[in-house]
Amino acid sequence: MKTAFKIKDVNGYYGESHALKDVNFEIGAKTVTAIIGPSGCGKSTFIRCLNRMNDLVPSFRLTGEMLHNGTDIYQKGRDIIEIRRKIGMVFQKPNPFPKSIYENVAYGLRIHGIKNKSTLDDVVEKSLKKAALWKDVKDRLKESALMLSGGQQQRLCIARAIATEPEVILFDEPCSALDPISTSKIEDLFSELKNEYTVIIVTHSMQQAARVSDFTGFFMMGELIEFDETKKIFTTPSNKLTEDYITGRFG
Amino acid sequence: MHKGFQRGKERVIEGALFLCALLSIFTTVGIIAVLIFETADFFGEVSIFEFLTDTEWTPLFANKHFGIMPLFAGTFLTTFIAMLVALPVGLVSAIYLSEYATPRVRNVIKPMLEVLAGIPTVVYGFFALLFVTPLLQSLIPSLSGFNALSPGIVMGIMIIPIISSLSEDAMHSVPMSLREGALALGSTKLQTSIKVIFPAALSGISASCIIGISRAVGETMIVAIAAGLQPRLTLNPLVPIETVTAYIVQVSLGDTPWGTIEYKTIFAVGMSLFVVTFMLNLVSFWLKKRFWQAYE
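Chains A and B, in that order, are what the protein sequence lines are.
The opening residue of the first sequence carries number 56 in our numbering; numbering runs sequentially from there.
The opening residue of the second sequence carries number -13 in our numbering; numbering runs sequentially from there.
Worth flagging that the hints you see were computed from the coordinates, not collected in a lab.
One or more hints might be untrue.
Claimed, not checked - If the Cβ cut is set under 10 Å, some of the chain A residues that face chain B in the computed set are:
hint : residue
1    : L111
2    : K131
3    : G132
4    : R133
5    : E137
6    : R139
7    : I142
8    : M144
9    : V145
10   : F146
11   : K148
12   : P151
13   : A187
14   : T219
15   : P292
16   : L296
All C-beta atoms, glycine included, are put in the ideal place defined by N, C-alpha and C.
Turn these sequences into a full structure, and let the hints steer you where they fit.
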């Protein structure tokens, strides 16, 4: 299996507070990896490092190496725009732009200078199909994205991320604002997405991690306690803390 | 007994507060009533048709003409010049303050810009007449001492903080999640600001522009001092003109006898101005409401 990310001795700080402690592991390409752990364990901080979204937080600092395809994401002089194009992200709350459905999906292409109408049409259709939204919206592409339901908006955000042809898609608790039916629709997507993309999901739901992922990492207090195949984590975890967490003894 | 006293006290306070609120409503109703009454009187002597179509405004001369167009042409011209200055500068500073400036820089610059709004307009007027006009004359020799250009520019400077401050508020209240969404797709900061945040805040920004326009239309002192008091149907910014507001000042300050037709013109003119600014305010109110609905 190819390695997508190699995380080496990563420590992350918000000002004085130590949010990630000596994190070391590897994430395989074209797999679904779930990151679980109690609130405030550093799982969101971790995933937001992978596309340098934490650069938006002025007090944030990171040491160690995060290699994507062998080069450090945090290397001096790396083009952040390029990183974010390759490593897309879907957020906790659906955040469609106040534009039409079509323009939401086409946005990523437009900002990279693609104007050709038929190319845009193709990509919009393809991306919406991959996000299982095409059937719902194909007759109202010109309508505002804000008219869609929460679940549809989130699938639109997935389509928007797919449209720029990333290698990796990060999901930061993508279903936490959605109802169970919308959640199951999005969960169904993950197994298809991993054929083409490396998928990393932060989730507070252990059931979700168990259902959709191939690998699971368990974070606590900023430390990666255990990382292994999902099956193993949920049946025979090697760490006592992991066992306590997945059996619901805390968290 | 004690409870009854308490309740009575509450009722008195409530009544007093209600009367205060009523007072401002009565004042507004009174002003509008006087405007309508006197305007109706005016149109008893001058036809609305003449008022709206005549191309000359000379109520203070022996040969009287009552065409409102030259006054509105003056207002339009100075407002247009002011917006030409205020819109680009105001919007660019709004984008800078909302998207680029660090909180520290914003906390210094924003109050400083707002000081501009606190300068008395009579000071702006003299600034236009005694500083900007001579400066412009050295560049454009054909510029008259009184003209629309100089007060227009100065009025624009006065309006910059209105536009920048309100537009900045609108852009700043666009949810952070939209910024993150745009950046996560590989947008640059400029693309995020211009293609996502600016359109998302558009109705708030348009509202600020309309408030700016309405401020320019209603502005009196600067144009009364620096634009000349010569009603003229022209779009040439280099010659003396008179705006709607400046005319009202001219007549109110002069020794126009009460009850004459000259005296009544200011009510008709004032009514026209009121209708225009009232409509502008309605549009901006509507835009603002639409903006807040989008994010609730």
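* To do: State the violated hints by number, sorted upward, taking the hints as numbered earlier in the document.
  => 2, 3, 4, 13, 15, 16
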